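Please construct the entire structure, taking both the sequences and the accompanying hints into account.
Residue-level listing of the chains:
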Amino acid sequence: MKSKTAATCGVTLALLCSGASARSSVTIFGVMDLSVMHSKGGNASARTISSSGLGASQFGFRGTEDLGGGLSAGFWLESGLNPDTGSGQLTNTNNQPNGFTGGGSLTFNRRSYVSLSGAFGQLRMGRDFVPTHYNIFEFDPFNANGVARAAAFTFSTVGTGNLPTTVVASNSISYWLPPDLGGLYGMAMLARGENASNTGNASDGNMVSGRLGWRSGPFDVAGALGRTHYTSTATLGDYTHGNLGASWEAGFVRFFALYNLAKVQILGGDVRKHTSEIGAHIPLGQVGRLRLSYARLNDRSSSVLRNANGSQRSSNDARLWGIGYVHNLSKRTALYGTYARIANQGQATYLVSGGVAPSPGRQSSGLELGMRHAF
Amino acid sequence: MKSKTAATCGVTLALLCSGASARSSVTIFGVMDLSVMHSKGGNASARTISSSGLGASQFGFRGTEDLGGGLSAGFWLESGLNPDTGSGQLTNTNNQPNGFTGGGSLTFNRRSYVSLSGAFGQLRMGRDFVPTHYNIFEFDPFNANGVARAAAFTFSTVGTGNLPTTVVASNSISYWLPPDLGGLYGMAMLARGENASNTGNASDGNMVSGRLGWRSGPFDVAGALGRTHYTSTATLGDYTHGNLGASWEAGFVRFFALYNLAKVQILGGDVRKHTSEIGAHIPLGQVGRLRLSYARLNDRSSSVLRNANGSQRSSNDARLWGIGYVHNLSKRTALYGTYARIANQGQATYLVSGGVAPSPGRQSSGLELGMRHAF
Amino acid sequence: MKSKTAATCGVTLALLCSGASARSSVTIFGVMDLSVMHSKGGNASARTISSSGLGASQFGFRGTEDLGGGLSAGFWLESGLNPDTGSGQLTNTNNQPNGFTGGGSLTFNRRSYVSLSGAFGQLRMGRDFVPTHYNIFEFDPFNANGVARAAAFTFSTVGTGNLPTTVVASNSISYWLPPDLGGLYGMAMLARGENASNTGNASDGNMVSGRLGWRSGPFDVAGALGRTHYTSTATLGDYTHGNLGASWEAGFVRFFALYNLAKVQILGGDVRKHTSEIGAHIPLGQVGRLRLSYARLNDRSSSVLRNANGSQRSSNDARLWGIGYVHNLSKRTALYGTYARIANQGQATYLVSGGVAPSPGRQSSGLELGMRHAF
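Residue numbers (the numbering used here), protein chains in the order written: chain A, 1 to 375; chain B, 1 to 375; chain C, 1 to 375.
Treat the hints with care, since some could be wrong.
What the hints assert, rightly or not - Listed next, the stretches of chain A that the computed footprint assigns to chain C, with coverage defined by at least 3 CB atoms under 8 Å from CB atoms of chain C: (1) 24-32; (2) 42-50; (3) 77-87; (4) 99-105; (5) 329-341.
If you are wondering where the hints come from, they were derived from the structure by calculation, not from laboratory data. Note that this is a predicted model, so its numbers are computed, not measured. Glycine residues also receive a C-beta, built at the ideal position from the N, C-alpha and C atoms.
Here you go:
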């Protein structure tokens, strides 16, 4: 995602609207991240040009207006990009599987909200990342991007592959705590599926979620929990996602730990995935950084879920190793290389992000060599 | 639509093109308007995050270039937004029902034209609002936006629900009178369906339309008329739309009146809708404004048109009441609340914009509480 | 395309990113080109509003960052526009016929790349024009735009009508020679279809191509060659395109010559088209320019390719005459008129760009009167 990188850059423009405060502005920002990728899945392989290996390729506009009296209004429009092909990404209109829309063109699928801020904190209305994603972004050593992202474990296969609210939610209102609470931070979000009350699935796509964290000196720890309602079917049902993350800046190295539990209550059983991840950032010289990660998936889905060959899903665990190096040419531009490997057990077929699908139980791996340019 | 609001704001940039005049510029502009909405349709209801309750959410670029000698060139690119979901809006390629395109992503569906201006007035080529829409936008007290817009009466059901030229037309040329004619203003527009001469529906999508108005002191009055040709079928046919609007600024209150007649000559009959609307804006203090509206639909469609139960369409009238309050936090940002209710008669099923569909003859209502931020 | 025009304009903005060099910038640019068009195809005709008669309508963002030490990073995002309707253009995700995407909305279909430049030249990664297209753009007197573009001969009918890599390629890496080589210039490009190695068409969409030219005083000459692999079917197969172009600035007139050979090896035969083109630009006064072009298509497709009536394809040659006048109102804005006529032989049905399809062997013609505004 790398929205944090982008947030520190951007072309910021004074608003010439008559009567507008001198402290009002609009910013154009973006990230272009492309890499040469070589991936393997079992015996198959592919050489591709890949996107978003270090930071999520994106393009957007945001602005703030000083309303006086400590109040300010703002907006954020952020479009995901696939710069290897010039195409855009899908958004979702109703937080339900039938609401995906976009057809390969540009949408503001990442963020699209208006905000009102003051001493009370911030209120946002529109489309925004869900609380659990903010946690993954912060505490995954690979910031939820590239071949070494562990989120593939959490968000793949039955019941979670097609869930619209794993990363972003539409039709949402959220409240963010003010920044000066002695290290305490957090947010709460409500999102609506917008079905009429007289339909069979009136509550589908309704989400309740929140995040609470505490930052002090070198320590940062946060937990998030969200629940989206779906009427149970063979592939869908109430979706609950909780995670807990922490990081410790030890000077010569920054350590990360992240635990995710994603559960989908499908008809007659549930999908239940525990993913544990640890990692580190090690500065190398003035402009280099080594990134390391190890993640382990424990699939405790109920026995009603079986593989194609009749064996139980619950034996289908997997492990991920990731190593990467980032070389900063400037604050905005970096070269990077990342290698990741997934070892699948049982009938598992997890693959590195953007990789080639392996046969059940076979390995998946990927190497990315790329450049990220933020503006 | 609130393009007027946007037109007074925007980030205006000097063009650094060598040789460009100092009076040339490009402007980035937009409106983000989101609200919490509760709507009812008969016994059903829905709670949603809605868009464009006060001003049409949009995003665009426009610019002008001083060519010297009183001439100037310009362009306008304006994309409609659904910021509750980050999606875009459809445009239409040929002014015919089969020409809608966009797939939920961004298009410059609202305006996309190049212009040449001088003492003679202005010529525009491309996609632009039709003359009758400019009239509705000016003389509807709710500016054709939100639950209280009366346009739902004019543009719903058989023959008009899927018409591409009710609001915007593609493939158009228009001429605008110069601004200094002692209060007289107006425009004329031609648009093409672009079918080849040897096809059965060669003229489908061709439009001729115009608008003429007069502004003097507190009075403003304008009429517009447009006709789009379509070969008659059971749901489509020549579409004629005329309207007449007026406003009177009486100091403590501004009064509005608007009359619309929309007619579609379908096979063996016609759809004919008369909508009369009156309303007012009442300033409350320095930053508040109360908005009121009452509209009445008289459906005089020919007897060949019958409801599902065999009764005649012509008894299916409806009425709309709207009340709203706008609280300006600044020139660019406002909070607002709007309530509207539609009483359907006979088999009519009209609903407030963005609301829940009622059963025939049942009421529809909606309440929006939102924020509009222009940039 | 007219990217050259756009490249000299645009709104260039200093980056306020802390730490960014003073020589870093982001530029907003675009071209809006619309015309009134009257076209004929045999007995049929159409009057339309057309786009891109003089320069390709487009909209984009680009930027560079000075990294120090002679290095610089850059990005380019360029979206094709249809401003007559506000719609966008398709891009392609895998350089194969099944990869077209976009649905009528905005994509960065023209260019989407990140670059790194230095004394060594420039490296680009992403989506960009193919080498043969750069040659056509330079040496077609009508810059590959409008009714008089000869590219319709090269890129129409069996095997080439649906090829994704005729103009732009996705998933590409390219290397550009540095600008100071005594007139020598050139580039090489690799693009990937991104199919996995264990699929039947593993190499489909893989492209290798290059361009080499030499510029000296009034002379400019360049050749380009590209090959994209496709498994042979009845309509598709390995696609080879070579061209050679030259121009000579003789003071009172600039002469152009361009030769194209496009070949597609379909199952059991091949499509083989030779297009020869000559033309001239003649300055008229300070702001005018006359443009002339004559092109001849020699269709040498193998005898296995037959027309609907059983006759051989190889007799289906065609000729194109084009004449146009450009009147510059400023550096950014021009009025223009172009007339072109195609004489089809045998069963050929070539048509002027945007025109009405003629019956086999009948003429096609088109007249455009338009305005191009760059920003």
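Outcome of the hint check:
no., hint, verdict
1, 24-32, "holds (count 3)"
2, 42-50, "holds (count 7)"
3, 77-87, "holds (count 7)"
4, 99-105, "holds (count 4)"
5, 329-341, "holds (count 5)"
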